[in-house]
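**Student:** Below, each chain spelled out in residue letters.
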Amino acid sequence: MLRLLERPSASSKMAQLTSGRLRRLLQIYANKSSSLCGGPGFEHNSALGVHFVRRWRSVDLKERQKQMMARGLPKQKPISGVKQVLVVASGKGGVGKSTTAVNLALALMANDPAKTVGLLDADIYGPSIPKLMHLKGNPQLTSNNRMLPLSNYGVPCMSMGFLVEDGAPVVWRGLMVMSAMERLLRQVEWGPLDYLLVDMPPGTGDVQLSISQNVPVAGAVVVSTPQDIALLDARRGVQMFKKVHVPVLGLVQNMSVFTCPKCQHQTHIFGADGARQLADTLGVPLLGDIPLHLNIRETSDRGQPVVVSSPSSPEAAAYRKVAAAVVQRLEELEQTQGAVL
Amino acid sequence: MEQNNDGSLAQVQHIVLVLSGKGGVGKSTITCELALALRHAGKKVGILDVDLCGPSIPRMLSVGRPDVHQCDTGWVPVYADAEKNLALMSIGFLLDDPDEAVVWRGPKKTAMIGQFVSDVAWGELDVLLVDTPPGTSDEHLAILENIKKHKQVDGAVLVTTPQAVSTGDVRREVTFCKKTGVRVLGIIENMSGFVCPHCSECSNIFSKGGGEELAKLTGSVFLGAVPLDPKLSTCIEEGIDFLKSFPDSATFSAISSITQTLLSSLQAA
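Chains as they are written, first to last, in numbering that gives the first Met the number 0: chain C, 0 to 340; chain L, 0 to 268.
Calculated directly from the structure, the hints in this document are not laboratory data.
We put the CB at the ideal spot given by N, CA and C, even for glycine.
Take these hints with a grain of salt, some might be off.
Said to hold, decoys possible - Cut-off 27 Å, straight-line C-alpha distance, at most; resulting in silico cross-link-like pairs (DSS-like, lysine-lysine):
{"no.": "1", "chain 1": "L", "residue 1": "Lys-42", "chain 2": "C", "residue 2": "Lys-135"}
{"no.": "2", "chain 1": "C", "residue 1": "Lys-114", "chain 2": "C", "residue 2": "Lys-82"}
{"no.": "3", "chain 1": "C", "residue 1": "Lys-261", "chain 2": "C", "residue 2": "Lys-65"}
{"no.": "4", "chain 1": "L", "residue 1": "Lys-107", "chain 2": "C", "residue 2": "Lys-135"}
{"no.": "5", "chain 1": "C", "residue 1": "Lys-65", "chain 2": "L", "residue 2": "Lys-207"}
{"no.": "6", "chain 1": "L", "residue 1": "Lys-177", "chain 2": "L", "residue 2": "Lys-147"}
{"no.": "7", "chain 1": "L", "residue 1": "Lys-147", "chain 2": "C", "residue 2": "Lys-242"}
{"no.": "8", "chain 1": "L", "residue 1": "Lys-215", "chain 2": "L", "residue 2": "Lys-178"}
{"no.": "9", "chain 1": "C", "residue 1": "Lys-61", "chain 2": "C", "residue 2": "Lys-241"}
{"no.": "10", "chain 1": "L", "residue 1": "Lys-107", "chain 2": "L", "residue 2": "Lys-178"}
{"no.": "11", "chain 1": "C", "residue 1": "Lys-65", "chain 2": "C", "residue 2": "Lys-242"}
{"no.": "12", "chain 1": "C", "residue 1": "Lys-74", "chain 2": "L", "residue 2": "Lys-107"}
{"no.": "13", "chain 1": "C", "residue 1": "Lys-241", "chain 2": "C", "residue 2": "Lys-76"}
{"no.": "14", "chain 1": "L", "residue 1": "Lys-178", "chain 2": "L", "residue 2": "Lys-147"}
{"no.": "15", "chain 1": "L", "residue 1": "Lys-178", "chain 2": "L", "residue 2": "Lys-42"}
{"no.": "16", "chain 1": "L", "residue 1": "Lys-230", "chain 2": "C", "residue 2": "Lys-261"}
{"no.": "17", "chain 1": "L", "residue 1": "Lys-177", "chain 2": "L", "residue 2": "Lys-83"}
{"no.": "18", "chain 1": "C", "residue 1": "Lys-82", "chain 2": "C", "residue 2": "Lys-320"}
{"no.": "19", "chain 1": "L", "residue 1": "Lys-83", "chain 2": "C", "residue 2": "Lys-241"}
{"no.": "20", "chain 1": "L", "residue 1": "Lys-42", "chain 2": "L", "residue 2": "Lys-107"}
{"no.": "21", "chain 1": "C", "residue 1": "Lys-261", "chain 2": "C", "residue 2": "Lys-76"}
{"no.": "22", "chain 1": "L", "residue 1": "Lys-42", "chain 2": "L", "residue 2": "Lys-148"}
{"no.": "23", "chain 1": "L", "residue 1": "Lys-107", "chain 2": "L", "residue 2": "Lys-83"}
{"no.": "24", "chain 1": "L", "residue 1": "Lys-150", "chain 2": "L", "residue 2": "Lys-177"}
{"no.": "25", "chain 1": "L", "residue 1": "Lys-42", "chain 2": "L", "residue 2": "Lys-147"}
{"no.": "26", "chain 1": "L", "residue 1": "Lys-207", "chain 2": "C", "residue 2": "Lys-261"}
{"no.": "27", "chain 1": "L", "residue 1": "Lys-215", "chain 2": "L", "residue 2": "Lys-243"}
{"no.": "28", "chain 1": "L", "residue 1": "Lys-215", "chain 2": "C", "residue 2": "Lys-135"}
{"no.": "29", "chain 1": "C", "residue 1": "Lys-61", "chain 2": "L", "residue 2": "Lys-107"}
{"no.": "30", "chain 1": "L", "residue 1": "Lys-42", "chain 2": "L", "residue 2": "Lys-83"}
{"no.": "31", "chain 1": "C", "residue 1": "Lys-65", "chain 2": "C", "residue 2": "Lys-76"}
{"no.": "32", "chain 1": "C", "residue 1": "Lys-261", "chain 2": "C", "residue 2": "Lys-82"}
{"no.": "33", "chain 1": "C", "residue 1": "Lys-135", "chain 2": "L", "residue 2": "Lys-177"}
What the hints assert, rightly or not - One-sided excerpt, in silico: chain L residues whose CB lies under 10 Å from chain C:
{"no.": "34", "residue": "Leu-140"}
{"no.": "35", "residue": "Val-164"}
{"no.": "36", "residue": "Thr-174"}
{"no.": "37", "residue": "Asn-203"}
{"no.": "38", "residue": "Phe-205"}
{"no.": "39", "residue": "Thr-233"}
{"no.": "40", "residue": "Glu-237"}
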């Protein structure tokens, strides 16, 4: 019996390919001599059947496999009411994705008060958004069982942190995480939003794949610190986005330089300019450079992001610059796509 | 549970997990420094890097891109030194291009970790350190399940930075350890204070004392605080042994005292 594919669902379909059907298919293919893999026509001899079946197997196999795999992949469905979904990611942990996502959301609104921005915390295991946005409590449900996001500083937010107790670990395997992600994406009453920023967890695994496959993502902002170890993982993050066809808007270099508050001496604690160099190598723009400043950490710990608590500080200005660069890149991408179509 | 005492972990004396709920707090850095400190103390050490998406260990110990060979008892770990006192295994060694992205879902990761635990011929080791990715996910469950088949895990060392965003996540990790029956050997506060090389003013960039408070809150041992040292960053980037190069620094004394405390608690158990 032909064993064309290894996946259980596929083989049950294959079982329906009875010998009668097979013969009929072979006949059709025999009539189309050029339809098979590049070879010259068929030698009409007694070995035809074997030659033929082998060639049919290899070409049609690939085609059928592609079709089966495409059917198995989830379809991308946009989130209702949301114009553009942006992801803030990195391959590495602890580079400042959540801090950047929060301040970027607020900076987008500071640059253009007419814009509405939402924040989705996709880090199931270590949700930081509740702390950074000074939000607590369980989300309420609407009459049709959808969750209402919690808002602060004019930004509606949703996070796993609202659904579990403080301090309770979420010890879930990939499949459960995917289904939780689906709920957080689709079962939230976001309302009309210009941008939905998704704060991704570290790594290149289930969550990143699920989001890229289920939702059309307008662009990805990759955050990294200047050190090589972080850049290696950021590079992997960029590669992953290329694999799943998500446009990379650019890199953000975080924690770039520390200025001693006493003597103003500048120290590049995590290295200098590494992200800038990586951006050049990968051919993506450097969206901005955020310094390592006590103010950012202090305000984050208090739940008062620096863009709203110290709007005239150089740190807030740095975030607003990144927001402006993000908007510009999105416009450029739209124009390019428009030109292609 | 039946413990299979013949096999790859049979001659490993102690197994210590290095965990954190939070990313980027310095788990891999601390794992490497602990391993180097233990080696300097004359122990035979192994590092198992189960961070499949972001394997940092090969880079930090500058072992290059060696091939992984098989012997009759399993895969031979990569040795970081000629005397074979520091054995490593990481997915970085198994990829054609070490910078390649490993975009895998849970079941594949679980299977790989299963192989790392049962198929690597670690040989005789005093301590096997396991460097984990952030979170409490497939990798963590897989490593615990697979190690428990062969041996009891001695415990876990939790790494955190002092800031509230980190300690919040590490609290979850402490609960995870309690739930899974893993003894918390202690909490390390990393990036605790930065001393300006110019004027020696100490700035608490990532706050201070959060790790110690967390240890008190959860009833765990506070192993020590490691300061934020650009020299340590540079050594880690270039794969240099920081402990050999800067034996007079505050960071060196912090790491040595943490290692001593850890060793005594492992030997006492």
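**Student:** Each hint needs a verdict: does it hold in this structure or not?
**Tutor:** Going down the list of hints, with the structure as the test:
As the CA atoms of L:Lys-42 and C:Lys-135 are separated by approximately 47 Å, the hinted pair breaks the 27 Å bound. About 11 Å separates the Cα atoms of C:Lys-114 and C:Lys-82, which keeps this hinted pair within 27 Å; it holds. Under the criterion of a C-alpha separation no larger than 27 Å, the hint pairing C:Lys-261 with C:Lys-65 is inconsistent with the structure, at around 63 Å. Of the pairs offered as hints, the one joining L:Lys-107 and C:Lys-135 is violated, with about 35 Å between alpha carbons and a cut-off of 27 Å exceeded.
For the proposed pair C:Lys-65 and L:Lys-207, the alpha carbon gap of about 55 Å is over 27 Å, so the pair is violated. This hinted pair checks out: L:Lys-177 and L:Lys-147 have alpha carbons roughly 15 Å apart, not beyond 27 Å. For the proposed pair L:Lys-147 and C:Lys-242, the alpha carbon gap of about 36 Å is over 27 Å, so the pair is violated. Of the pairs offered as hints, the one joining L:Lys-215 and L:Lys-178 holds, with about 19 Å between alpha carbons and a cut-off of 27 Å not exceeded.
Pair hint C:Lys-61 plus C:Lys-241 holds up; C-alpha atoms about 23 Å apart against a cutoff of 27 Å. With a C-alpha separation of about 25 Å, the suggested pair L:Lys-107 and L:Lys-178 falls inside the 27 Å cut-off, and the hint holds. Proximity of C:Lys-65 to C:Lys-242 is assessed by CA-CA distance (about 16 Å); at most 27 Å being required, the pair is judged to hold. At most 27 Å may separate the alpha-carbon atoms for a hinted pair to count; C:Lys-74 and L:Lys-107 meet this at roughly 23 Å.
For the proposed pair C:Lys-241 and C:Lys-76, the alpha carbon gap of about 19 Å is at most 27 Å, so the pair holds. Between the alpha carbons of L:Lys-178 and L:Lys-147 the distance comes to roughly 15 Å, so the proposed pair stays at or under 27 Å and holds. Simply put, L:Lys-178 and L:Lys-42 have alpha-carbon atoms about 31 Å apart, too far for the 27 Å limit, and the pair is violated. At most 27 Å may separate the alpha-carbon atoms for a hinted pair to count; L:Lys-230 and C:Lys-261 meet this at roughly 21 Å.
Between the alpha carbons of L:Lys-177 and L:Lys-83 the distance comes to roughly 35 Å, so the proposed pair goes past 27 Å and is violated. Of the supplied pair hints, the one linking C:Lys-82 and C:Lys-320 holds, its CA atoms being roughly 22 Å apart against a limit of 27 Å. A threshold of 27 Å between alpha carbons decides the hint, and for L:Lys-83 with C:Lys-241 the separation of about 40 Å lies outside it, so the pair is violated. With a CA separation close to 33 Å, the supplied pair L:Lys-42 and L:Lys-107 exceeds the 27 Å bound.
As the CA atoms of C:Lys-261 and C:Lys-76 are separated by approximately 53 Å, the hinted pair breaks the 27 Å bound. Straight-line distance between C-alpha atoms of L:Lys-42 and L:Lys-148 comes to about 25 Å, which keeps the hinted pair within the 27 Å bound. The straight-line distance between the Cα atoms of L:Lys-107 and L:Lys-83 is roughly 30 Å, outside the 27 Å bound, and the hint therefore fails. At most 27 Å may separate the alpha-carbon atoms for a hinted pair to count; L:Lys-150 and L:Lys-177 meet this at roughly 18 Å.
Straight-line distance between C-alpha atoms of L:Lys-42 and L:Lys-147 comes to about 23 Å, which keeps the hinted pair within the 27 Å bound. For the hint pairing L:Lys-207 with C:Lys-261, the CA-to-CA distance comes to about 18 Å; that is within 27 Å, so the pair holds. For the proposed pair L:Lys-215 and L:Lys-243, the alpha carbon gap of about 33 Å is over 27 Å, so the pair is violated. Taken as a hint, the L:Lys-215 and C:Lys-135 pair is honoured in the structure, with Cα atoms around 24 Å apart against an allowance of 27 Å.
A C-alpha spacing of about 23 Å is found between C:Lys-61 and L:Lys-107, which places the hinted pair at or below 27 Å, so the restraint holds. Restraint check for L:Lys-42 and L:Lys-83: satisfied, since their Cα atoms lie roughly 11 Å apart, inside the 27 Å limit. Under the criterion of a C-alpha separation no larger than 27 Å, the hint pairing C:Lys-65 with C:Lys-76 is consistent with the structure, at around 21 Å. Of the pairs offered as hints, the one joining C:Lys-261 and C:Lys-82 is violated, with about 46 Å between alpha carbons and a cut-off of 27 Å exceeded.
With a CA separation close to 25 Å, the supplied pair C:Lys-135 and L:Lys-177 stays within the 27 Å bound. Taking 10 Å as the C-beta contact cut-off toward chain C, the hint placing L:Leu-140 at the interface holds, the least distance being around 7 Å. Hint status for L:Val-164 relative to chain C: holds, with the closest Cβ pair at about 5 Å, below 10 Å. Among the interface hints, the one on L:Thr-174 holds; its C-beta lies about 5 Å from the nearest C-beta in chain C, closer than the 10 Å criterion.
For L:Asn-203, the interface hint holds, since its Cβ comes within 10 Å of a Cβ in chain C; the closest pair sits about 7 Å apart. Residue-level restraint check for L:Phe-205 holds (minimum Cβ-Cβ distance to chain C is 6 Å; threshold 10 Å). Interface restraint check: L:Thr-233 against chain C, minimum CB-CB distance 8 Å, threshold 10 Å, status holds. Because the closest C-beta pair between L:Glu-237 and chain C is about 9 Å apart, less than 10 Å, the hint holds.
The structure shown violates the earlier hints numbered 1, 3, 4, 5, 7, 15, 17, 19, 20, 21, 23, 27 and 32.
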